[in-house]
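Chains as they are written, first to last, in the numbering used here: chain A, 75 to 437; chain B, 10 to 474.
These are calculated hints, taken from the structure and not from any lab test. The hints are all genuine.
In the DMTMM-like style, the derived pairs of lysine to aspartate or glutamate whose C-alpha atoms are separated by at most 25 Å in a straight line are:
1) B:K264 <-> A:E146
2) A:K272 <-> B:E157
3) A:K272 <-> B:E118
4) B:K53 <-> B:D170
5) B:K299 <-> B:D377
6) B:K354 <-> B:E287
7) B:K417 <-> B:D176
8) B:K237 <-> B:D187
9) B:K53 <-> A:E282
10) B:K264 <-> B:D249
11) B:K53 <-> A:E277
12) B:K417 <-> B:D238
13) B:K299 <-> B:E83
14) B:K221 <-> A:E149
15) B:K53 <-> B:D208
16) A:K332 <-> A:D320
17) B:K264 <-> A:E149
18) B:K53 <-> A:E149
19) B:K417 <-> B:D97
20) B:K104 <-> B:E420
21) B:K53 <-> B:E118
22) B:K53 <-> A:E146
23) A:K272 <-> B:D158
24) B:K53 <-> B:D187
25) B:K354 <-> B:D291
26) B:K53 <-> A:E357
27) B:K95 <-> B:E85
28) A:K353 <-> A:E283
29) B:K53 <-> A:E283
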Amino acid sequence: MYDDTPDLATGTPHDEARRQLQICNACRYCEGYCSAFPAITRLRAFADGDITQIANLCHNCCGCYYACQYTEPHEFALNLPQALAQVRTQSWQDYAWPAPLARLFHRHAYATVAATLLGIAALFLLIQAVPAPASGTGFYAVLSHSAMIALFAPLFLLPLAALALGLRRYWRDVGGARPTLAQWRDALAQAAQMRNLKGGHGEGCNFEEGARFTPARRMAHHAVMYGFLLCFASTSTGTILHYGFDMPAPYSLWSLPKLFGITGGLLLTAGCVWMLALKARAEAHLSDPETTAADTAFVGLLGMVAASGLALYALGQTVAMPALLALHLGAVASFFLLTPYTKMAHGFFRLAALLKDAQARGV
Amino acid sequence: MSKPAEINLTPDILVVGGGNAALTAALCAREAGRYVSVLEAAPKPYRGGNSRHTRNFRCMHRGPLGVLTGSYGEDEYFDDLLKVTKGDTDPALAKLAIAASERAYCWMEAHGVRFQPSLSGTLSLSRTNAFFLGGGKALVNAYYAQAEDAGIDLHYNAHVDHLSVSDTRITEVTARLDEVAYRFTPGAVIVASGGFQADTNWLARAWGPAAKNFLIRGTPYNRGVVLKDLLDQGMESVGDPTQCHAVAIDGRAPKFDGGIVTRLDCVPFSVVVNRDAERFYDEGEDIWPKRYAIWGRLVAAQPDQVAYVIIDATSRELFMPSVFPPVEADTIEGLGQQLGLPGAKLRQTIDAFNAACRPGTFHATELDGLATEGLTPPKTNWARPIIEPPFYGYSLRPGVTFTYLGLKVDETARVTGAGGRMDNLWAAGEIMAGSILGQGYLAGFGMTIGTVFGQIAGEEAAAHV
Ligand SMILES: Cc1cc2nc3c(=O)[nH]c(=O)nc-3n(C[C@H](O)[C@H](O)[C@H](O)COP(=O)(O)OP(=O)(O)OC[C@H]3O[C@@H](n4cnc5c(N)ncnc54)[C@H](O)[C@@H]3O)c2cc1C
Ligand code: SF4
Ligand code: SF4
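Only chain A is shown next, with the shape it has when bound in the complex (with noise of 0.2 Å):
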């Protein structure tokens, strides 16, 4: 199962969490940080199970690797935020189907970048080799709306459907219950804050300064989590109003889809941008090191999605605009299809895990 281990002498990624997380248990300086830790101090052994919900409650916020006496040179060599970062890619990628695929992508910057320039040039041919009818307007010109749905709807559910097999997976496996409506209520409460990596005392975390805190993190992931958010809000408003009200696009700019998109595409565009430049300056072997540029490249991809959005917005009106929109849907195509093999599966699962976290606090 565990084909990527990392170092023979402290064996899988599992392994060498869980040689980590019993110093920890016996320490226990960590507990006000996040959430991770008092599911550690519930339990005395760990099982492989355990250490995968544990992992999925980190949020990579660094604290616990500033605040231990324990760090190399010393000979404990605690890094919990590396070995809980590797147990996580190790999780995602056993965990996803198909398999293979989250390898390739999790492992390697360029499965992205190549995805997603065959996304924009399938896009391209596709513009090109299915004329749209003479009655469209507005994008319908360049690219029939029927040809959209045929393609995007597939696009959007298949991936949703492989996710949706890996979750159960993970359900099975870390022993999760049938949620109640509270413990919805609260995983959902913690991921809207983000509580994990504000540092137990709300300063924020250790990702990009070092010793010292900072809120920069969770502000960038907020925007790109809120800009998202608001994205999918204006294609799903979008869509009803398309196909509950008879209104199709083009939509005014005081229209719901118009200001969701444009303001959700904005915070999307700079909260990468603002993730980039902390990733840049964070410290690689505080995370899982293998991943580093597959992520940044994800990272860079939903950037592009929500740049060439607003693009596309912008310069709608000109010759530039079936070109734009090629490169737009484009993207759009490979990140949808890349989701549930890259780093946008965490957001997945570390909901899962808020959510059997909320169950084994009695929530």
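We have chain A; now place chain B with the ligands onto it with these hints.
Coordinates of chain B with the ligands only, in the frame set by chain A:
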């Protein structure tokens, strides 16, 4: 994190050490407008001495204060101190430290230290001790960040070798920075370089060769170089070189820096034997936090300075998890063999203990009076027969936390020399803790002494230059 390009050899105040006491003093002196340099012997990853291993400080408070519940008055605090030190304490300095601890809490918070409610498994301390969020290293990190921002010159890998004493003045300080020798001529010096426990030769001079088998729980950099240098030049000393805080820790702990995780909380539920598989002390004398600190000495007095804790399956989950898994066997003889103990003798000792156990109700968290009968030494609480396999064993060694022999200071943290009170030398932290603690130890008092006297030393030295 930049290192100053130039080394200022004439700072107003030179602080020797880089732990809690040193940084507190440095920050206070800087805030009084002085130019301050800090010389820390350790490299950056090990900065912060023993302070980076701590988890809490003991704090007086009249009512709920931050994370502290209820109230903990001056008198109760002082009584607690008298109990553990058996009266061997300087009442004036002790009361000063206690009274100032409340102000220290606020000062710490204002300087970036964050507190949290007592850690899981330490509920008994929620009223008396304020726990640092992230532990002592997080505290040290906060102070270093403040020191950088305040423009204090920080030097790592900076070993102070000698302070030149002339009459009542320190005229020069010799130090090696990255192995290059420098002579500093500061206006005043604050020494906060800890005890001497990491110098096992010195420990051996005080304790005899047994000391070579002691483990040092904290930093390897507290070798008492500055303390010895000053004592050799006639500074007045307090404390007895054999007095130290020592606990019994997991015998497999590293020689230095094992820190908090190497403690073992299972003694009250166990039978403890020495190398010859013989019991030597009442394992159930009192609840563990109250007896924790005497077992270091008890084990130190045994042959080869080693002991073995034996428990059975019924007690496995009753104590905080250990950092290393215990040795495990299905029979007592088998366990003895794995631990390197005479198996038949161990069987005999356990059988005799089991036969002396009496029926009764067992209570893990309170004195349950479940005592042995007709056994020497007795086990006066939690005495349940060791019969349920698998059996588990840990080895125990003395782990030294810090030594008490130190410099004598007055209530302004000023050091006294052969010619009377020194003009420009102050001390704070472990290096002068013996002025307050003659013996015994109260959990969380080390950080109180360091913070309070660090503040005093910083302010007084700043007012002097
Ligand atoms: C495992 C463990 C847990 C503890 N837990 C607690 C607790 O929870 N609460 C509590 O109150 N106390 C605790 N203590 C005790 C506490 O650590 C000390 O009382 C306190 O840290 C003393 O602070 P200090 O600044 O005097 O010394 P330290 O923090 O030890 O600092 C001494 C500094 O001096 C430096 N130094 C030494 N020699 C030289 C030299 N020649 N030149 C330059 N620099 C030098 C060292 O590198 C170090 O930075 C604990 C101790 C240990 C070992
Ligand atoms: S990361 Fe280090 S300081 Fe934090 S709980 Fe674990 S061992 Fe303790
Ligand atoms: S890196 Fe942060 S979120 Fe992860 S376990 Fe450590 S403290 Fe918790």
